[in-house]
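S.K.: Residue strings, one per chain:
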Amino acid sequence: MQRSRRKILKAVGGAGAMLAAQPYLSFPAIAQAGPLRIGIIAPKSGIAGTIGECGLRGCQFAVERINAGGGIAGRKIELIVEEETNPKDSIERLRKLVLQDKVDCVQGIISSGVSLAMGPAAEEMKALTIFWDGTTQDGVKETMPNPHYVFRSTDNECEAVMASLLVVKHWKGQFKTVAGINPDYSYGRNNFAAFQALLKKFGVQHEVVAEQWPKVGTTDLTSHVAALKAAKPDLVFSSLLFADLPIFMRTAHGAGLMDGRTKFAFPAAGFQHTALKKSFTPEGMIFGHNTLYFDLPNASALQKQFVQEYESKYKDYPHWEADRAYFAMQVYKAGVEAAYKAKNAWPSQDDVIGAMEGVKIDSLGGPGQMRKDHIADQTFYQGITTHNNRYDFPTLGQIDTMYSDQLQKPPGADFWKWIETAQIKL
Amino acid sequence: MNAFFDLLLGGVFHAAVLFLVAAGLQLVFGVQKIVNLACGSFYALGAYFGVTAVKWAIAAGAAPYLFLPVLIVAGIAIGSIIGPPIEALLRTVYRRDEAFQLLLTFALVLMFQDALRFFFGANPQQLGDTAMVYGTLSAGSVLVPTYNALVIIASVAIAFGLGAFLQRTRFGRILRATAENREMSEAMGVNVRRVYATVFTLGTILGTVGGALVVPTAAASLDMPVELVVEAFAVVVIGGLGSMRGALIGALIVGIMRALAIRYYAELEMLAIYVVVIAVLIARPAGLFGKPVE
Chain A
0 MQRSRRKILK AVGGAGAMLA AQPYLSFPAI AQAGPLRIGI IAPKSGIAGT
50 IGECGLRGCQ FAVERINAGG GIAGRKIELI VEEETNPKDS IERLRKLVLQ
100 DKVDCVQGII SSGVSLAMGP AAEEMKALTI FWDGTTQDGV KETMPNPHYV
150 FRSTDNECEA VMASLLVVKH WKGQFKTVAG INPDYSYGRN NFAAFQALLK
200 KFGVQHEVVA EQWPKVGTTD LTSHVAALKA AKPDLVFSSL LFADLPIFMR
250 TAHGAGLMDG RTKFAFPAAG FQHTALKKSF TPEGMIFGHN TLYFDLPNAS
300 ALQKQFVQEY ESKYKDYPHW EADRAYFAMQ VYKAGVEAAY KAKNAWPSQD
350 DVIGAMEGVK IDSLGGPGQM RKDHIADQTF YQGITTHNNR YDFPTLGQID
400 TMYSDQLQKP PGADFWKWIE TAQIKL
Chain B
0 MNAFFDLLLG GVFHAAVLFL VAAGLQLVFG VQKIVNLACG SFYALGAYFG
50 VTAVKWAIAA GAAPYLFLPV LIVAGIAIGS IIGPPIEALL RTVYRRDEAF
100 QLLLTFALVL MFQDALRFFF GANPQQLGDT AMVYGTLSAG SVLVPTYNAL
150 VIIASVAIAF GLGAFLQRTR FGRILRATAE NREMSEAMGV NVRRVYATVF
200 TLGTILGTVG GALVVPTAAA SLDMPVELVV EAFAVVVIGG LGSMRGALIG
250 ALIVGIMRAL AIRYYAELEM LAIYVVVIAV LIARPAGLFG KPVE
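Protein chains in written order, with numbering that gives the first Met the number 0: chain A, 0 to 425; chain B, 0 to 293.
Calculated directly from the structure, the hints in this document are not laboratory data. Please read these numbers as outputs of a predicted model, since none were measured by experiment. You can trust all of the hints, since none of them are fake.
Just the calculated beta-carbon pair ranges, DEER-fashion:
{"no.": "1", "chain 1": "A", "residue 1": "K175", "chain 2": "B", "residue 2": "R167", "range": "54 to 60 Å"}
{"no.": "2", "chain 1": "B", "residue 1": "F3", "chain 2": "A", "residue 2": "D137", "range": "38 to 44 Å"}
{"no.": "3", "chain 1": "B", "residue 1": "F118", "chain 2": "A", "residue 2": "D372", "range": "44 to 50 Å"}
{"no.": "4", "chain 1": "B", "residue 1": "A156", "chain 2": "A", "residue 2": "G396", "range": "43 to 49 Å"}
Partner residues are not named here, just some residues of chain A that face chain B (Cβ under 8 Å, in silico):
{"no.": "5", "residue": "G48"}
{"no.": "6", "residue": "G216"}
{"no.": "7", "residue": "T218"}
{"no.": "8", "residue": "H223"}
{"no.": "9", "residue": "A254"}
{"no.": "10", "residue": "A274"}
Here a beta-carbon is modelled for each residue, glycine too, at the ideal position from N, C-alpha and C.
With the rest of the complex left out, here is chain B (with noise of 0.2 Å):
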């Protein structure tokens, strides 16, 4: 029992920092209808940030234990930077074609891992072992890191929060209308841009958010970006395209999935989660949650 709650719980983290890239994903073609490969790169950036912000603040005498809300702030910061000019950029491809756009965020990605090499090194970056002064939880012979259970609850409070934001708040019901017809939004009065301008933006600050918090257990590398995207799309696929319900499913699916075939098939960890991908396409092609087009 106690295996099956370690594993449970290996699932669980991973599923918590891939449902922050995948809603961000999510929330940007919902609203937007953009497939942004560059996530993963929000994701990466994230990342080096966080591991940068966090060294400042303990090299500027900051207690260890703050590493938590500068990671945080770190992330919200450089998201909140970068998501304005690119989703700028985005604008010249909203009314072409998707391989316009697919072309514009894959050239992103290459662009990001340059910039990414020039300002950090090639080296991966890590924080050693500064997500231990959190130190560890335990029921029995499960141990959790506290840092791990911290992540897995801020991802759900920041699913709770956003499902929230969506549904109750005005500007909420104003994503969603702009997301059901952009041009009856417009018709009544709601600014497009700064709508999309807005959601880019937050769905920029979940990538650089959810790289910022894995980096206390993980590295942040120049592999970052693809090996996140791989999974992030089959979160996507699984839960549907643009539903934020789907995303927090179907991260929990691939990251549940992933931790079973890494114990008893280790070998299979990529089929085994694309086999659900394939089996969802089959039998719903929207996806678990996602809207059949029309």
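Next up, chain A with everything else stripped away, as it sits in the complex (with noise of 0.2 Å):
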């Protein structure tokens, strides 16, 4: 009896110690036969659900192209999708994607908060992991400065950074106070900040009157929206960007703070469009649509596509996530099938890895490259909203598009250094 229950301990701690070992063994050569198994890893639920829920789509819709086009270098796609909570439990369901389900390609995150965390867990790994919307900074300061197998997306500022120039462009000299009410995390407190900096960059003489930092989830603004309209800004810098933009559009428009005479600027707007109706949402205002304006008069085939079978499928208009996801998904496609062409033979992770670094490929919303230093660069739109359109809620009149070189910082640089120094232009 003694002895059996030694053997049995015996097992179950080189069971533990094998499981212990796991992270550290190196991460399987991808498979030659079968189909390529992709870990999708996004929030269905929760403040970010909606947003998840948009992603999911545009990644669906990737996968049913390339399917149909005979897969990547000729394997089909098979998605395993995984819910993003929090960090621990985000994580252990990247380790469950990994060691259990042997994927070969993990994408998704939408939270920084959850990216920061997984980042250094994916390298670890050794897991090729794509970010969608999650970056690997925390703050503006990046934590992963040269990484091996993780990929993330742009820099959480450039929303900020191009309606900051839009405000510029547009309404210089016509404001003298400004208020912000932004997210009370790194990305709405750097995004303030940001827009400050580059006020200031461009001379344009301001006097902050009021902030105000909504913790993420509240629900009753009105105590806000008071103390905005108490401080009588000339204008007003919100990066909100959940469910709360819509109660803040209400709840303002409601007390009279939008009664023409405060400018507004929402960089990331375009997460909510469908939800700011006309009724209290007035033109005029600076919208941010990142990466995905649905409604692009210019836009190419493959967007008007997808947003045709977006509206009939699901009654609605897709924005920036889909195309992250979309943009995610063909650059791991590009890689394989760039890295698969070189060698003549099915590649191993690492020539994968080593052809995504600078793959350009046609995203939903336009160009884009996967940088040498695993980010992403994507062309950005934003403008002034209109009321003249077919729908219920505002689209942009006034349409600017640039591209994201002219937005985040070069690899390795500082940012509040970078937006000191960088030839942007107007």
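Combine the two chains into a complex, taking the hints into account.
M.R.: Listed below in structure tokens is the structure:
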């Protein structure tokens, strides 16, 4: 009895040691037969649920097109979708996808809180991972300057930089006092700081008369709006982007803050574009649609087809998360196929990674590429809102387009120093 | 001065909704001696059900301006439906340690969260511009959406109605007697089981109506319960556990402190509220209107 118990303990211990060592074992080489298994980690619930849903639809669209065209280098794609929640649980799901499901690539992640924690875990597991919208920056400081397995989206500050440039371009000389209402985490704080830094760079004299930092998930913004109204700003800059944005818009409209005396810039309004109804969302605001503006007049045939299918299938209009998901899938496809072509045999994971560095693709929203430092470059859309359209929500009357090499810091640069020294064209 | 009124109205609007949920919490604790963590879930349920009911009503051809009565009826209906079975579940822990009661009501919070996700989906639900059909009230440059004013009036009316019900009706007196001494009330022939079921359902209805009323200006989301419970408990501690008057004054203090903090020190919103909570706990541990434990 004693001996058998020892045996069992040994077996359990051995299994435990193997499990503990698994993260350090090599990520399996890409299998050469059967479908390519791609793990997706995206939020399907909570405050980012709608965003994750849109991303999943963009991903599905990409997979359907790729599979219909014969797959990636002849192999069809099979998706395994997991839920993105908090960092700890999301990393557990990454571990499950890599070790149990043995996926060839992991894509997804919207929350920067999750991607910041998941980046090092993916590197440790040697898992090729492409973040849709999550960053590896702590604030604006890169925490993974030389990643090998992790690729990520453009800097989160891109939309704030572009909206700030449009404020200068369209409204310089028309405002003296500014206020901010931004989400109370690093994204909101960095965006408002970047806005002020860019006003300073372009010599726009201004005074900040109010700063509001509602917590993510706040659903009563009456007092925040009263505080903004009391400060009487000429311009309000807000990077609210979740369900709190339509609430803010309605509350501000009801309180008379949108009577025409105050200008508004919303760099991330595109996430909520269909919820911002014309009845409480005036014309003449700066709206950011990030890397996909669904109603772009000169959009590519690809975007037009996607928007049309999206509208008929979901009775809705897509936002940029669909583009980020599509972009991630196409970058992976381009990498695998380039590596396959170069080797004339099925490539290893490192071959794919090498081929993805610098690869250029056409995404839903326009041209993009994956920089050699594993950070995406994409096309951004913002502009001034109009009611002159067939929808019940505002679209862009005047559209500005910028490529992100004008909006994000170059490899290795410090964000604040880059803002000071960058040669940015208005 | 106008800015002050704007701030005050913002704070009072928040307090009006907070009062309804805190009143439900107080009522249940006052009579049944149960700290019901699930009050925030009832609030969220009311919000989701309110959105659904208004969408149904409008799709069925109801005039948009009827959405307020639809919301109130929806809140009362869903509260009346879920109150009795949950009270029946809570009967199993009435005579057990408070820790069991807290664990059970916390389990309800988690179960409601999943049930809401299952029935209504994960995405926050909103009513768009529905609340705007009532227009805006103005006095100088102070503008208040008429709907917000109606919610404040409704809450005040409910507060006075509840007070009158508890103080001036026969059933109110029975409730107060049961709250004072359950065994004595039973000995006097009071059907305590019925009293508990009624009180709990009433407390649930206050929460669901609160959620239904707030949703045109906010959104029904899965984060609602936690967001509100944190403030509702501050109201209860400030006002005094079990006191309806305490719920009213506590909600006003929390609502106005929150509005002032947001205006002057936006980052200190929750800190400002809990400074008051700590001050009350030190100076008057039973709360402003609570009875000290003998």
